[in-house]
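For the protein sequence lines, the chains are A and B, in the order given.
Per the working numbering, the first sequence runs over residues 1 to 131.
Per the working numbering, the second sequence runs over residues 1001 to 1294.
In short, the hints are calculated from the structure, not lab data.
C-beta: ideal position from N, C-alpha, C; glycine also.
There's no promise every hint is true.
So these bits of chain B aren't anywhere near chain A, every CB distance computed over 10 Å [claimed, not checked]:
no., residue
1, Asp1003
2, Leu1101
3, Glu1114
4, Arg1129
5, Gln1160
6, Leu1191
7, Leu1235
8, Pro1288
Here are a few chain A residues that face chain B, going by a calculated C-beta distance under 10 Å [unchecked claim]:
no., residue
9, Trp15
10, Ile53
11, Glu65
12, Leu67
13, Thr68
14, Glu104
Coverage of chain B stretches by chain A, computed from C-beta distances (three or more under 8 Å per stretch; other residues unrestricted) [stated by the list, open to error]:
no., segment
15, 1010-1021
16, 1034-1043
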Amino acid sequence: MKSERTTTSELPALWQDLLSAVLLRNQAAEVLDEAPDGSVMLAVPTRKPGFLIPPFSWIIRPPRERLTHLDPIGASLWRACDGRATVESLVEKFAIQHSLTFHESRVSVTSYVTSLLRRGVLAVAVGTGQP
Amino acid sequence: MIDWIWRQIGVSLPPDWEMLQFSRESKRGRCAFADRRRFRFELNWHAFAAEPDFDRMMTDYASTLDANWHDIQSLRCAGWPGLTGRREHEIVSRFGRYFPLIGVLVEAVVIHPETRDSELESRILGSIRPVPVDPEGYQRWRTFGMDLKVPASFSFAESQVQPARCGLLFQSDKGPDRWIFRRYGMLKSWLKTPLREWLESQTDPAVRYRRLESGLIHTIPVERVHGEWRPRGLLLKKGLYAASAWIDPRDQRLYHVQCITSKSNHAFHPRERAEKIMASCPEFFSLPKPSIGK
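Please build the complete structure, drawing on both the sequences and the hints.
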């Protein structure tokens, strides 16, 4: 019974903060195409890297926008990010839609949301969720 | 309460507590369960040939906790000796017990968010029990929505647990014995073919003389494949093969079991009906209730 190691129960649940976060769509992102199956093609403007000054910027032309394709499941999640719903409520809705348990849904939603955050499609506001 | 069986240890837990961490190790390991906000229960095991000196262990243990815990008290709950104390904003209770039937020392950790729920603690501790190998020689596992029967000599070799996709592999030390149990969700988004075709696509080319059959588990349609396991290669061992797949309408999950069994374990082989060694447990699936505050 002696346990000098750090056990699971001594670690904080790392997902708690994220559950109360609110997700916002990037207002600058433009919907290029919406397919009948629900999938969406988005164009997110990119920022010019700081090192691209003349004369380099005359030669190297970085893309002005980055395209992101969302499959029907991803697109429904993206649409649900209205700036009011917390991640927890998104997780609940996703679980009900796809017959998943809470943590199955949480892992699916948060990993997908993380990839969208990286691509600049979404932004996160931590700690502003509804009580 | 949902009945879990892991490494011959059975425990009943609230339906919304999910296993988020687990260990496949037989000698020493841990499983951790969480509700939607935090870890709530931890099961640790350590194989011992004989019962350890409990009193001394408890004294040693209490002294290691002094720095981080407050209000430490010794207590006994449902026959389990243990300690309880406050750690920051939560109450943590730790209990230990030796099960001579399976030769394992079990430590149960119950975490209470604010105040200690002694009734819940007592129900959980009262449900922890050894689940020894049955008279037919099978060990039982009940986890991730599946109730499994595996020969006692097989070891838990691999696992893949992802959202809506779970797979567990048990195998023997020698020979081609491999029993694989899988459970899939979100079928509407990926299962585009009839179940029979899907099952055939999952069957290895090493399965010869294969026969496909349809049947029923009570009222649930099941597809089956059986044949002989004959991999190409002179030194590769042969065996029997049986697989079954079905969709349980109660939880909308696809269950798939595959058994490759060597000659030495023929007695355990489920023959044509692989579903005899795996049952679906839809009670593991519970939709989250809408959150009401925090």
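Determine which of the earlier numbered hints do not hold for this structure and return their numbers in increasing order. Violated hints (numbers, rising): 8, 10, 11, 12 and 13; every other hint is consistent with the structure.
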